[in-house]
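**Student:** Sequence:
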Amino acid sequence: MSDLEVQGISVELAGRRIINQITLTASTDIVGLVGPNGSGKSTLLRTIYRMLRPTKGHILAEGRDVWGMRSREAARVIAAVVQDSPSDLELTVTECVATGRVPHGRLLGAGTSDDQAAVERAMNAAGVTHFADRGISTLSGGERQRVQLARALAQEPSILVLDEPTNHLDIQHQLSLLALVRSLRITTLITLHDLNLAAAYCDRVVVLFEGSAVATGTPQDVLTPDLLQQVFGVKAATMTNPLTGRLHLVYTDGNQQ
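Take 1 as the starting number for the sequence shown in UniProt numbering and just add one per residue.
If you are wondering where the hints come from, they were derived from the structure by calculation, not from laboratory data. These figures come from a predicted structure and were not determined experimentally. Glycine included, C-beta positions come from ideal geometry on N, C-alpha and C. Any given hint might turn out to be false.
Claimed, not checked - Ranges of calculated distance between the beta carbons of each label pair, as one might list FRET restraints: (1) Arg72 to Arg121: 17 to 27 Å; (2) Val250 to Ser71: 43 to 53 Å; (3) Gly68 to Thr112: 25 to 35 Å; (4) Asp114 to Arg185: 17 to 27 Å.
Stated by the list, open to error - Straight-line C-alpha distance at most 16 Å; calculated EDC-like pairs for lysine to aspartate or glutamate: (5) Lys56 to Glu5; (6) Lys235 to Glu210; (7) Lys56 to Glu95.
Could you build the full structure based on these sequences and the hints that come with them?
**Tutor:** The structure is reproduced here in C-alpha cells:
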C-alpha cells in the first residue's frame, strides 16, 4: 500500500474541467508535478491537502479517504507548504513552528513536553534553530520558507505537500531547500516550474498538460526532447550533469532554428 494514492481525480470549476481523471501514487519518495502554467498542478495539490473538494475520484492517505477524515485528523497525516501561506509576521520563529502542533490538539503556548520535542526536531531538521527567537518579519524569503517547512514538519506528517516552494528564492536557497526536503525521506509531492530542479531532486515526475497526466516515470525516462516539445513547446536536448550525475536539460524556443 502506498502512503498516498490519487485515484481518478477530476475537478470542475464554474462548469470547466480543470483536471481530468488523474491517478498517481507516492511512497517514501519525492514525486514532482511539472507542466505549463494552467495545467492543473496547484489545483491537484489543493484536493490532496483538502482545500478543494474533487468532483470525482478518491484520495487515500495511508489507506484512508482524506475527505472522509476530520480536518485535524487529516492535518496529522498531510502537511502542506503553499504559496499563499498566511502571514505570521507578529510571531517569533519558535511560535510559528509551534502552530504546527495545533492538529494534535494543543494551542499555541500550551504544548506538552512531546510538543516541545517535536518543535525542536522540526526546527533542527529545517535548520532554523539558530534564529529561533527572531520575528518572522526580520527573515529573508529563504529563511521564511524554511520556517514554513519546519512548521509543516512539526505536524509530524507522513505526507508532505509543497506548492512551488522555490518561487522567489535565489539559486543557493532553491538548492539548499530542495536538498533539505530530499534529506527528510518522507513521502513528498512537489510542484516545480524549473525542470532541471525536478530532474535533480525528484525520484519520479508526473507531467500535466491541459489538466491531464500525460507522462509518469523517472525524470530520465519522462523528460525527453519529444515530450518537452509536445508539452512545453521548446526544443530540448538532454545530458548528464557532470557535478551530480543526474539528468540535465538545455532548451530553446521551439520556433528557433
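**Student:** Hint by hint, say whether it matches the structure.
**Tutor:** Structure-based check of all given hints:
The hint said 17 to 27 Å for the Cβ distance between Arg72 and Arg121, and at roughly 20 Å that hint holds. For Val250 paired with Ser71, a C-beta distance near 45 Å keeps the hint of 43 to 53 Å intact. Gly68 and Thr112 have their C-beta atoms about 28 Å apart, which keeps the hinted 25 to 35 Å range intact. For the hinted restraint 17 to 27 Å between Asp114 and Arg185, the CB-CB distance of approximately 22 Å keeps it satisfied.
A distance of roughly 14 Å separates the Cα atoms of Lys56 and Glu5; the hinted pair therefore holds under the 16 Å criterion. The suggested pairing of Lys235 with Glu210 is violated, with an alpha-carbon distance near 20 Å, which exceeds 16 Å. For the given pair, Lys56 sits about 38 Å from Glu95 by alpha-carbon distance, which is inconsistent with the 16 Å threshold.
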